[in-house]
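Undergrad: Okay, here's what each chain looks like letter by letter:
Protein chains: 2
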Amino acid sequence: MAEPLSVALVGIGKIARDQHIPALNADPDWTLAATVSRSGGVDGVENFADLPQMLEARPDIGVVSLAVPPVPRFAMAAAAIGAGRHVMLEKPPGATLAECHALSAQAQAAGVTLHATWHSRMAHGVAAAKEWLAERELKRLRVTWKEDVRRWHPGQEWIWQAGGLGVFDPGINALSILTEILPAPVHLSRAVLDFPGNRDTPIAAELDFAHPGGAEVSAVFDWRQEGPQTWDIEAETDAGTMRLSDGGATFRAEGAAPVEGPDREYPRLYARMAELVRAGTSEVDLAPMVHVADAFTLGRRRVVEPFDW
Amino acid sequence: MAEPLSVALVGIGKIARDQHIPALNADPDWTLAATVSRSGGVDGVENFADLPQMLEARPDIGVVSLAVPPVPRFAMAAAAIGAGRHVMLEKPPGATLAECHALSAQAQAAGVTLHATWHSRMAHGVAAAKEWLAERELKRLRVTWKEDVRRWHPGQEWIWQAGGLGVFDPGINALSILTEILPAPVHLSRAVLDFPGNRDTPIAAELDFAHPGGAEVSAVFDWRQEGPQTWDIEAETDAGTMRLSDGGATFRAEGAAPVEGPDREYPRLYARMAELVRAGTSEVDLAPMVHVADAFTLGRRRVVEPFDW
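Sequence order for the protein chains is W and S. Quick note: the first sequence, position 239, residue 239 per our numbering, numbers continuous. Numbers given in our numbering equal positions in the second sequence, counted from 1, plus 1000.
I should point out that these hints are in silico values taken from the structure, not numbers from a laboratory. Bear in mind that the values here come from a model prediction, so they are computed numbers and not experimental data. Where a beta carbon is used, it is the ideal one built from N, C-alpha and C, also for glycine. Check the hints yourself; a few may be wrong.
To be verified - Computed, partial: chain W to chain S, Cβ under 7 Å:
hint : residue
1    : THR96
2    : LEU97
3    : ALA98
4    : ALA102
5    : GLU180
6    : PRO183
7    : PRO196
8    : GLY197
9    : ASN198
10   : ARG278
11   : VAL290
12   : ALA293
13   : ASP294
14   : PHE296
15   : VAL304
Claimed, not checked - For each label pair, taking beta carbons as the anchor points, the in silico distance ranges come out as:
hint : chain 1 : residue 1 : chain 2 : residue 2 : range
16   : S       : GLU1056   : W       : PRO262    : 56 to 66 Å
17   : W       : GLU131    : S       : VAL1303   : 21 to 31 Å
18   : W       : GLY82     : S       : PRO1183   : 45 to 55 Å
19   : S       : ARG1278   : W       : PRO183    : 56 to 66 Å
20   : W       : ASP238    : S       : ALA1105   : 52 to 62 Å
21   : W       : ASP148    : S       : VAL1303   : 49 to 59 Å
22   : S       : GLN1053   : W       : GLY82     : 55 to 65 Å
23   : W       : PRO306    : S       : GLY1261   : 49 to 59 Å
24   : W       : LYS14     : S       : TRP1152   : 34 to 44 Å
25   : S       : SER1218   : W       : VAL303    : 43 to 53 Å
26   : W       : PRO183    : S       : GLN1053   : 28 to 38 Å
27   : S       : GLU1305   : W       : ARG151    : 57 to 67 Å
28   : W       : ARG243    : S       : THR1281   : 27 to 37 Å
29   : S       : TRP1152   : W       : ASP285    : 33 to 43 Å
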């Protein structure tokens, strides 16, 4: 086996503790060599108050993984690339498409790896759904992504601030799967975005897509779902139906073996990052983010009741 | 001189009569061979009620120019490319970025020319401003685009409908110049969009951009400007100041000869289209539209007083 890769993890919040740190600790191919956090790090790992200090003090760490909200991420990614480090970005890869294009160009010029991750694409059932759809003619596809924002983003004010994406923060996970499993690209034809009267980002959205073969493709995202949570993609084709549920983890289809298994999204993201770094290449697919930007551009805004935690 | 190119012009509205038709009539390199319009065409030119009829009846016409609003444009462009025609798109090239990517891919696969035009880039002073800025270090740049919507878009309801872009319809002209003249790309860092309470698109916008060299780059778009109209880009550098005014037509700078002249934007767009068709290549730069999509995604929404004609 190759020498383990050293990574500094920036932003020690919920997603870092729930996903990044367990994935890194379980993988002999990776060493969590430092953290960057103003609110405390991880036992036994050197913590820095800010990224410039870490970049200065630890030239031995070749990879920087950014688990911070999209708005501050650009400056950090640009600084890390500028210091010759490989960079892995939590989804979405930035607050704007233009900054993602700029980072891609910077990484290419610097000869380092940039990996814009889409963790939901690594869910168990996604590859099976893609294979199944590739052999069939799509008639109808419906994305239903309904969850309780209070449960999954408790007190996270940045999601309600302009640029925080609101319900598109989980919704972009659905779009990352959709753009992965569909054989032909779709584009948004209509969108309605529901904004709470006291918030700058939407709490719900309905999207219709135009499909080159004329299939009906639509999505509904809602952050007001209490009780059971729903992260489903259902498709009807000329040869049966399929359902990808649990955020991509479970695949069921007529005439195909079921696929499911325990969560392995972040372990697979880090495995992919190790491959990219060793191969000296980058992976930046902005298609899910293009659909989000298109929804904000094309979408009709509806004001709905105020949201308070 | 090469054989003139035959073009069908689709959408005989204000922009067609003010710009496309005079440009085509004055250019011996082009023949306006047909129009497509439900509300009447041009004396002496065959008119069709819809595009499919024209594509069927006139296989001799190799080029289709689309001067219709962005929302219906995709289906028309896809049909024209599907019928093996070269396509020229009014700005903006589509209602969504995803559909522009899809058209580019379709045109490439079909081996036809796709030209996403940005008429303001063809204004007299733009090339001089680009050259002047290329040799200097930018300190501050300010875009001021203030016009009277009642004067320039009288009764055009589509500009207020979701997807119609509102004040970004003229604002994207400013962004097309900005992205052309700046030596290094910028990305949006903050935006405030003012929506009239009774409309789905903004009537004004303030944009701040991050510049790789730390220059202050900002833009203000406003559709409520009565009296004198303003379409200016002013820049301060380490070696003097410049002003590009009248929508790019007039260039003035310290230490440089002034540049100005009569409007020649659409004649130059058709000249460029002829070059592209004969060279068998396409030109689709989505950078101005990326900034618009980023502004809708990142922008804070402010509700302002209702707008009525």
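Undergrad: So which of the earlier hints does this model not fit?
TA: 5, 6, 7, 8, 9, 10, 15, 17, 18, 19, 20, 21, 24, 25, 27 and 28
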